[in-house]
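Those protein sequences? They're chains A and B, same order as listed. Heads up: the first sequence is residues 1 to 405, going by my numbering. Heads up: the second sequence is residues 1001 to 1405, going by my numbering.
Among the hints, erroneous ones may be present.
[Said to hold, decoys possible] Per label pair, the in silico range of CB-to-CB distance:
| id | chain 1 | residue 1 | chain 2 | residue 2 | range |
| --- | --- | --- | --- | --- | --- |
| 1 | B | Gln1207 | A | Ala106 | 39 to 49 Å |
| 2 | B | Gly1231 | A | Pro354 | 51 to 61 Å |
| 3 | B | Ala1084 | A | Asp239 | 47 to 57 Å |
| 4 | B | Thr1023 | A | Ala169 | 39 to 49 Å |
| 5 | A | Asp267 | B | His1356 | 48 to 58 Å |
| 6 | A | Ala106 | B | Pro1107 | 44 to 54 Å |
Treat the hints as calculated values from the structure; they're not laboratory data. Please read all numbers here as calculations on a predicted model, not as lab measurements. No residue lacks a Cβ here, since even glycine has one placed at the ideal position from N, Cα and C.
There are 2 protein chains.
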Amino acid sequence: MCASPPRKAAAMPEARALQALKTEFENELFESVIPFWERHSPDRTHGGYFNHLDRAGQVYDPTKNVWLQARQVWMFSKLYHEVAQHPRWLTLARSGLDFLRDHALAPDGRVYFALTADGQPIYQQRKLFSECFFAMALAEHARASGAPRLAQAARAMLATIWEMVLDPAKTGRPALPGAPALLPLAVPMIVLNLIDELAGDDFAAYQPQVDFCIGRLRHHFAGGKLYEYAGPSGELRLDLAQGRLLNPGHAIEAGWFLLRWAARRGDAPLTQLAGDIIRQSFDLGWDAEHGGLLYFLDAEGQSPIQLEWDMKLWWPHCEALVALLMLYALERDPADWERFMRVKGYAFAHFPDPAHGEWFGYLNRRGEVTHTFKGGPYKGCFHVPRALWLCWRLLGRLASRPADP
Amino acid sequence: MCASPPRKAAAMPEARALQALKTEFENELFESVIPFWERHSPDRTHGGYFNHLDRAGQVYDPTKNVWLQARQVWMFSKLYHEVAQHPRWLTLARSGLDFLRDHALAPDGRVYFALTADGQPIYQQRKLFSECFFAMALAEHARASGAPRLAQAARAMLATIWEMVLDPAKTGRPALPGAPALLPLAVPMIVLNLIDELAGDDFAAYQPQVDFCIGRLRHHFAGGKLYEYAGPSGELRLDLAQGRLLNPGHAIEAGWFLLRWAARRGDAPLTQLAGDIIRQSFDLGWDAEHGGLLYFLDAEGQSPIQLEWDMKLWWPHCEALVALLMLYALERDPADWERFMRVKGYAFAHFPDPAHGEWFGYLNRRGEVTHTFKGGPYKGCFHVPRALWLCWRLLGRLASRPADP
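Start from the sequences, fold in the hints, and give me the full structure.
Right, here's the structure in full:
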């Protein structure tokens, strides 16, 4: 399945088709993906999870990456809280959270990036994302286990994160005078998702932070492109490769984070903006020749500097599944359904590994698997199960009212 | 030219064939590569060189990377000193050196990694390579321009570098207690090359440093593989992806740096070691399916974590050209000649761009160009012209005594 088939005017799906799709997502999630992590990731000696798992689930490196530990805590807490109260899911989540609380906190309150199997710190990034994912883990586990103390800890960590959002120098990265005044899209988008996760229905308390992040995110969108870097007032630096960098999957993910805030607030213009970001980033990132979403692009058509720019990674496809289905559920535009089915077809044809479970993470431009591992320093129990779970839930709702406007 | 042709027993080259090859290298160097950089790289406003040049030589980013500024100074100083006293080559080299001396030095004596076009510092790495390439530039320009003051400055910079070799914490990178006790191959190999360049015939003065670096380098070689990371006493960490990482092009480059020291010292066992490293790394890295040298490998056959592991980069092929021809010139083993001709065939079929000059830098596994630029943050006027120049010189020597044992 190399080239894209010619696009047909997409038919609106019928209830039976939606139900069949829902079953497909359900099987993939609960029979392939979740069992892989339940079976292979637990470190029964030190707690937490091995995240470097090869194709068959064997550990090929004992290093524990904090992003992935925290995200797995979040995922199993979420499944326990929202899907089924299997005690083993809560226990597995708890094991990761205890490991993080015992080992991931630096003396200065920052969070490490990587730990040894027994919890010794290896590396600390000069970025705020370890803190963000730790806080998400705390917040969701608080909900799953009914422990308000953990929710308090999550809110305290968000306060620390917010200081770094307002003053990036607090991450410890020195700013030299020639460094371009560019800020990463990742910060407002991840913080928006974090507040969404952390605040739950109590989101009104975070209105100033949410408004700030939405404002920052808007700065990155110009001429139908969501730039990875923009100045604090939206200045673009189109003379720099960094200033022209696009990451369609990242943009699509930012789009659905925004869409959730738009829906919560009943903010129609924000819904429109989120929809524009998702659709335009998807159309820009889709590889007309080989199918799938390209990893990086240069806004003006130069070769991106990133060596891996033309690879097809699992997570942009996961994010596109969620974003397009969310958009379709909201607006029922057949063009979004066509996009969703296109990325669903590509993803399910290329990424799953029926032999051993879970998805491959990395394909070359032609869609051939280049890396056989299921878990690595940036791939763990997160994007695949989150997307499958969210789509499964959305498909269930759609199946129950397929013709809803 | 996809798959490798079947290997024939290589014939020893005749003088006429050597002369024809020499002409091919000469034309590539002086009619395609050097004119590209002379024409497109000079910054006539601020001095120094633009190193982000697209396929046709247009600047697509004004950022100046110090490694590449310094290496271009080195290259043009070398050509002036060793090939032809064209005043424009000395002027071009001088422009880069002045730019570096005016802008690349931090107040604490360290050297920045990236500068704006007008010389404002953008970024400083927590590594010692900017210093190494700056010192190489100083040393070679001292020779080209007959300025002993510059040679002194190079030696002073080597003294600073040496402090960082002995105490890596001086690069500013914090060492956390769980960080594996692994040291990078890059440090002893680059410092060996730096001392080779800097000391010239006066190398006896640096014997302790050279011995130290050779000792360190030996630690990385085990079971026919030169590991990118090894402990300070040669401990391997085969449980870690980092500890299993191989970079065949890097190993081959280290091999010829070592070979030069072996030849200088008349050290036969060291020659043997260097030859083993070069041949075994080449044979390990060669892609039997599509030809060319793979970028990264895992010593135990796992998927390397690096997303770009299966790409074919210009510089490993440049290093292999030099190393194999040097080895052949020394030992006249037809198997080395076969390897040389194999990589020469691949490189000249895939990398040069006759339309605009210079070489492409990045191919996918199948050998298709993935990035059209000629210069980027890590590709400048260095590996291609250095390799063409060294091979051209070696081929000339071989042509004059082809049957020399």
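**Item:** Contradicted hints - numbers only
**Value:** 2, 3, 4, 6
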